[in-house]
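Asks: Each chain, letter by letter, is given below.
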Amino acid sequence: MTRTRIIKIVVAVVILAAWELICRLGLVNAIILAPPSSIVAAMLTSWRDFLGAFQVTILSIATSIALAWSIGIGFGLIFGLSPLGYGVFSPLLTGLFSVPLITLYPLFLVWFGIGPGSKIAFAVLTGSIPIALNTMDGVRQIDRSYIGLARSIGASPVQAYFRIYFPLALPSILSGLRIGTSLVVIGVVVCEMLAAVDGLGFWISYNRTIFKTGHVYLGITLAMLSVVLVNIALGHIERRFGAMRAEAATATV
Amino acid sequence: MNATTVHNEKSSSAVEVRGVSKVFANGFRALDDINLTIEDGQFLSIVGPSGCGKSTLLQIVAGLTAGSGGQTLVGGKPVTKPQPRDIAVIFQDALLLPWKTTLQNVEFPLDLQGVSAAERHSRSLEMIDLVGLKEFADNYPAQLSGGMRQRVSIARGLAQNPRIILMDEPFGALDEQTRIRMGQELVRIWEKSRKTVLFITHSLTEAIFLSDVVVVMGRNPGRILERIPVPLERPRVTDMIGSDVFGQLRNRIWHLLSDSGDTSSPAQNL
Amino acid sequence: MSLRWQIRIGQILMVALFLGSWELATRADWIGIDLLAPVSTALVKLYEMLGDPAFLRDYGATAGRVAVAFAIGAPAALICGFAVGEWQDLEKISRPIINYALSIPQSIFLPIFILAFGIGAMQKIVFGITHLFFVTLVNTIAAVQSIPKDQVTALRSFGASRWQIYCRLYLPGMLPLVLTGLRLGMIFNILGVLLAEMYASQTGLGKAIFTWGESGDTVHLTAGLIAISVSTIAINGLMRAFERRAYRYQLETRSA
Chain Z
1 MTRTRIIKIV VAVVILAAWE LICRLGLVNA IILAPPSSIV AAMLTSWRDF
51 LGAFQVTILS IATSIALAWS IGIGFGLIFG LSPLGYGVFS PLLTGLFSVP
101 LITLYPLFLV WFGIGPGSKI AFAVLTGSIP IALNTMDGVR QIDRSYIGLA
151 RSIGASPVQA YFRIYFPLAL PSILSGLRIG TSLVVIGVVV CEMLAAVDGL
201 GFWISYNRTI FKTGHVYLGI TLAMLSVVLV NIALGHIERR FGAMRAEAAT
251 ATV
Chain F
254 MNATTVHNEK SSSAVEVRGV SKVFANGFRA LDDINLTIED GQFLSIVGPS
304 GCGKSTLLQI VAGLTAGSGG QTLVGGKPVT KPQPRDIAVI FQDALLLPWK
354 TTLQNVEFPL DLQGVSAAER HSRSLEMIDL VGLKEFADNY PAQLSGGMRQ
404 RVSIARGLAQ NPRIILMDEP FGALDEQTRI RMGQELVRIW EKSRKTVLFI
454 THSLTEAIFL SDVVVVMGRN PGRILERIPV PLERPRVTDM IGSDVFGQLR
504 NRIWHLLSDS GDTSSPAQNL
Chain G
524 MSLRWQIRIG QILMVALFLG SWELATRADW IGIDLLAPVS TALVKLYEML
574 GDPAFLRDYG ATAGRVAVAF AIGAPAALIC GFAVGEWQDL EKISRPIINY
624 ALSIPQSIFL PIFILAFGIG AMQKIVFGIT HLFFVTLVNT IAAVQSIPKD
674 QVTALRSFGA SRWQIYCRLY LPGMLPLVLT GLRLGMIFNI LGVLLAEMYA
724 SQTGLGKAIF TWGESGDTVH LTAGLIAISV STIAINGLMR AFERRAYRYQ
774 LETRSA
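So the protein sequences, as listed, match chains Z, F and G.
Per our numbering, residue 1 is the first one in the first sequence, and the count goes up by one each step.
Per our numbering, residue 254 is the first one in the second sequence, and the count goes up by one each step.
Per our numbering, residue 524 is the first one in the third sequence, and the count goes up by one each step.
Think of the hints as simulated: they come from the structure by calculation, not from any bench.
Careful: at least some of the hints might be erroneous.
[As the list claims (entries may be wrong)] Cβ pair distances, simulated, as ranges:
hint, chain 1, residue 1, chain 2, residue 2, range
1, F, G280, G, F765, 36 to 44 Å
2, Z, R24, G, I595, 28 to 36 Å
3, Z, V158, G, T776, 48 to 56 Å
4, G, F765, F, D286, 24 to 32 Å
5, G, L558, Z, I237, 43 to 51 Å
6, Z, G117, G, A539, 25 to 33 Å
7, G, Q534, F, E444, 50 to 58 Å
8, Z, I22, F, Q357, 52 to 60 Å
9, F, G280, G, Q534, 57 to 65 Å
10, Z, A17, G, N622, 19 to 27 Å
11, G, N622, Z, I22, 19 to 27 Å
If you're wondering where the values come from, they're calculated on a predicted model, not measured in any experiment.
All C-beta atoms in this analysis are idealised placements derived from N, C-alpha and C, irrespective of residue type, glycine included.
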């Protein structure tokens with residue numbers, strides 16, 4: 001229990017207490033800001049519903065993550081290594097990313113109907129672009145001499161990609177995964193808010209329409225919790241490779 | 254005194270370069286009719302100014318680049334692509350994989366070739382011992398100095414048990430002290446293993462000290478100026494650097510280079 | 524052929540391939556009109572829509588909200604960013620708040636915004652501002668902190684006034700990052716406004732495309748998507764051009 005830890009916990013408790021007080025005193029409209037106690041109440045009364053909704057959302061998120069990671073990393077590895085590939089696709093993808101991709105969601109709805117398909121399509125699209133971009137950057141920064149090394153020791157292209165280039169690009173890839181995965185999680189929830197019949201986003205939206213603000217905040221908290229959990233998981237992966245990698249920047253000469 | 258040009262005859266030498274040339278897309282003649290022979294177990298250095306094509310020549314012999322003309326033979330067979338079992342390449346950067354230990358790095362080429370775990374383990378340890386890094390077998394590259402990393406790279410090359418070893422200015426990125434020490438290490442290692450070596454360097458001293466033969470190249474176009482055998486005895490010791498023989502050799506090479514119009518390389522006074 | 528030309532041709536080829544296969548697949552009915560309209564049809568439709576007052580009203584509504592959000596949010600972010608970057612004490616207090624705010628994905632708070640502000644224009648504007656604010660803020664802080672402190676000291680020792688230091692040193696030094704922050708802020712702003720419109724609105728492009736999607740009107744939908752994409756790519760491209768000029772300007776003043 002370090003000092004900063006204690007301070008952080010104290011600050012969090014103070015904020016929660018102030019939050020509760022502000023609501024109790026009626027300083028803010030109860031419809032807009034629900035006190036922490038109402039979030040807890042919502043959890044106690046409707047936990048079964050929320051768990052069901054959460055499960056649906058988690059399934060879509062998991063599928064989207066798997067797809068976004070593979071597509072993003074795969075694309076980045078293949079096209080990032082050649083200067084031509086990078087020069088062509090990096091600006092194109094960056095340009096594509098400036099478009100508000102959520103506007104494509106209605107199109108996906110037309111294609112896949114309301115359901116996991118359209119959500120996953122959007123989430124995968126939104127998530128794989130930053131992953132691909134960061135992977136390409138990571139691969140591009142690899143010392144060109146490693147290509148010569150790979151060939152001279154007889155690595156087949158597949159071996160070279162998996163065992164040399166991919167690990168070398170890992171730091172960049174991991175930061176891309178952070179961004180992309182957050183976007184996937186948010187993307188799924190937002191899609192559910194826009195048009196769905198179940199899932200966390202739907203429940204948040206539904207409870208808004210019946211003014212159950214406590215439930216709304218519970219849903220949002222759960223969504224944020226998912227993002228936090230995903231980031232923690234990524235942190236673990238980073239640490240596993242990171243220790244050796246942090247020094248990798250200077251290790252080649 | 255150039256090596257005689259022999260076309261279409263069986264080669265018994267470790268390396269034979271026949272009439273190799275390299276012209277780049279913009280018309281630049283990097284190499285012009287290079288003929289070179291390296292006998293089995295010979296240590297041959299190439300010195301020359303920047304741009305004389307010595308690295309390009311090494312890349313061609315390694316099978317990493319194609320020449321525009323001529324042929325390269327290693328062990329009597331033509332080289333068209335990399336041959337990890339016959340040819341090991343040591344680059345100027347150690348190019349170790351940062352997430353692997355010394356042992357894992359040395360094992361890596363053997364791992365790729367599917368050599369059994371037991372055999373690659375023992376071969377690698379042997380080479381790590383040979384380069385003097387036995388106590389560092391389980392360390393990561395970040396924990397090693399530049400000279401040590403380069404030694405790991407050399408061990409990796411030796412572990413491939415190749416016919417020939419090509420070294421492209423392997424000590425170029427090291428500071429002077431380390432460079433001298435590495436030179437002594439390399440001589441010791443080579444005199445134990447007696448591999449055929451093609452060694453590229455800027456440094457005349459390094460070339461003479463390490464080699465049996467020094468080939469001097471000039472540029473514009475890249476060509477061989479002269480092939481000079483080194484009459485110093487083995488094992489080599491650093492005292493030889495101050496000897497008359499050494500000095501004469503160095504002068505001879507120096508004049509060759511300056512007469513061909515190239516004293517621009519900064520390392521000529523080494 | 525030099526690499527630069529290869530890249531340019533490659534990019535053009537990719538775009539052409541994309542548009543070409545889109546057109547081909549939809550015309551040959553491999554992808555039915557009920558799923559996607561051909562590019563040509565959508566473009567024709569878009570041309571029509573440019574004369575349609577309903578579309579123009581929606582486009583204008585969205586553009587207006589984006590503009591207002593930018594006009595309010597950007598200066599606010601720039602001022603706050605400058606203050607935080609320049610004064611260390613302020614930075615120490617704000618850092619944790621900023622970090623927390625950044626880690627919270629604003630988009631999922633949309634229902635709260637509806638509860639608070641209703642479904643009118645103001646809600647969209649506020650939503651856009653919150654999206655744009657933090658991105659621009661962070662970039663502005665970084666821009667201020669990128670000014671080498673020793674250069675400030677040097678100038679002050681020459682007797683330069685505060686104003687002179689700001690104009691001669693801060694401005695060119697900060698410009699590139701500030702412009703990047705503004706551009707990214709704009710992108711997030713547009714995203715926020717459109718998202719809010721898609722979720723709950725009576726007017727606006729977001730609402731329009733959502734309605735078209737629901738009713739399966741792919742022709743209008745495709746046309747609308749093209750309009751949105753082209754607009755944002757154009758805005759992004761324009762702002763990037765400024766960024767690039769700012770970088771060059773920075774290099775020139777650095778060497779001066």
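Asks: State, for the Cβ atoms of Q534 (chain G) and E444 (chain F), whether the hinted interval 50 to 58 Å holds or is violated.
Replies: 56 Å, holds
Asks: Okay, I22 (chain Z) versus Q357 (chain F) on CB: inside 52 to 60 Å?
Replies: Given a distance of about 58 Å, which is inside 52 to 60 Å, the answer is holds.
Asks: I want to verify a distance hint. Is the separation of the beta carbons of G280 (chain F) and F765 (chain G) within 36 to 44 Å?
Replies: 41 Å, holds
Asks: Does 19 to 27 Å hold as the CB distance between A17 (chain Z) and N622 (chain G), or does it fail?
Replies: 22 Å, holds
Asks: Against the range 24 to 32 Å, how does the distance between the Cβ atoms of F765 (chain G) and D286 (chain F) compare: consistent or not?
Replies: The hint (24 to 32 Å, Cβ to Cβ) is violated, given that F765 (chain G) and D286 (chain F) are roughly 55 Å apart.
Asks: Holds or violated: the 28 to 36 Å window for the beta-carbon distance between R24 (chain Z) and I595 (chain G)?
Replies: 32 Å, holds
Asks: At the C-beta level, are G280 (chain F) and Q534 (chain G) separated by a distance inside 57 to 65 Å?
Replies: 29 Å Cβ-Cβ, so the 57 to 65 Å window is violated.
Asks: Can you let me know if the beta-carbon spacing of G117 (chain Z) and A539 (chain G) is within 25 to 33 Å?
Replies: 29 Å, holds
Asks: That 48 to 56 Å hint for V158 (chain Z) and T776 (chain G) (C-beta), does it hold up?
Replies: 50 Å, holds
Asks: Do the beta carbons of N622 (chain G) and I22 (chain Z) sit within 19 to 27 Å of each other?
Replies: Taking Cβ atoms as reference, N622 (chain G) and I22 (chain Z) lie about 23 Å apart, which means the hint holds.
Asks: Does the Cβ distance between L558 (chain G) and I237 (chain Z) fall inside 43 to 51 Å?
Replies: 38 Å, violated
Violation of the numbered hints given earlier is confined to hints 4, 5 and 9; the remaining hints are satisfied by the structure.
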